[in-house]
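With chain A's structure known, arrange chain B on it following the hints.
Heads up: the protein sequence lines correspond to chains A and B, in order. Just so we're on the same page, this note's numbering is the position in the first sequence counted from 1, plus 567. Just so we're on the same page, this note's numbering is the position in the second sequence counted from 1, plus 193.
Wrong hints could be hidden among the right ones.
To be verified - Below are the BS3-like pairs computed for lysine-lysine, each with C-alpha atoms no more than 30 Å apart in a straight line:
1. A:K704 to B:K348
2. B:K308 to A:K682
3. B:K297 to A:K719
4. A:K612 to B:K297
5. A:K682 to A:K725
6. A:K719 to B:K205
7. B:K339 to B:K308
8. B:K297 to B:K229
9. A:K719 to B:K348
10. A:K704 to B:K260
11. A:K606 to A:K719
12. A:K704 to A:K725
13. A:K719 to B:K260
14. B:K350 to A:K719
15. A:K725 to B:K297
16. A:K725 to B:K260
17. B:K205 to B:K229
Worth flagging that the hints you see were computed from the coordinates, not collected in a lab.
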Amino acid sequence: MRFQPAESTVPEVDMTPMIDIVFQLLTFFMMITNFENLKADERVKLPDDSRAKPPLVSRERDLMLNVGFERDTEGNKTNPAALLFLAGEQMPVLQCAPFLNREKRLFNDLGIDPKEITVVIRADSEVPTGEIQELIKLCQQQASGNVGGFQKFALKAKSERDAQ
Amino acid sequence: MKVRGAGKQSGKIDLQMAPMIDVVFQLLIFFMLTMKIIAPEGDFNINMPIGAPAEQQDDDIQLPDIKVHLVAGPGGGLDGVMLGRRNLGNDDQAFERLNNEILKIIGKPGNPLTKDIEVEIKADYNLHYGFTVKAIGACTGRNDSKGNLVRYIEKIKFAPPVTPGA
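With the rest of the complex left out, here is chain A (with noise of 0.2 Å):
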């Protein structure tokens, strides 16, 4: 009496249909990470408004400064004071001169005008206007060693379309 020979027990997988998906949700969430949004701050409820167009043409240098409020998980403020987020700390905007004079006098080291940086201000919607007012104030001046201030600003909002 003649057996067939066994065949192996082991499936083989097809693995292309697998891979071709893999490959384009990868493809997928490399098109629409967006790397230029790593500076923003999650903490900050900016103001809504579908006329806030981003610019056409990417700035090469900015300074972009995050102002918001402390807040718990529910979005409640735990800190009346508005703070200006700066990597890894926190300060109050009134007291943001040294960190400013700083950033100015680093521009100018690196042969850049702190003329030619536009000041982003990312804030929140609730922070009052004078602080706003009284941070551009700051940017504006002379920092140390006749480094001239910032004069360029650009004011961040949401910019979606039914936000009118």
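Just chain B now, kept in the frame of chain A:
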């Protein structure tokens, strides 16, 4: 003569897919975890040169600048939008009215005569910044049916801040 390897193996190279799939999965997980769904953000540009009045040319017709005053109520709410001496109200439609009034002043968008008009926004110190941005938006222009911005005013600046009690 015996050729080495002849007839023993096919010419097909067996690619090792496993390392590539490992790396691709790592990348996929990285991008999935770092993805943040955020609303698109836009800018309003304001020019604030320190202590430098706008350059004036004598041969040009100088049109008066538009002054908008945002009055704060208790708690930082909006108590009124003033265009010059006119009160445009403090409801949601106040900014729409401001937008319409700005259009009336400039005549039509892109009017070369009104290109140099500047809007000065004077906001009370405690007014919530969100209202100030709405006023800037109302002065900037309007969106057409395709969502493109029709610009009314190019130059917007803030009046110097006045601290409460000063």
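**OP:** Hints the structure violates: just list their numbers, smallest first.
**Re:** Numbers 4, 6, 8, 17, in rising order.
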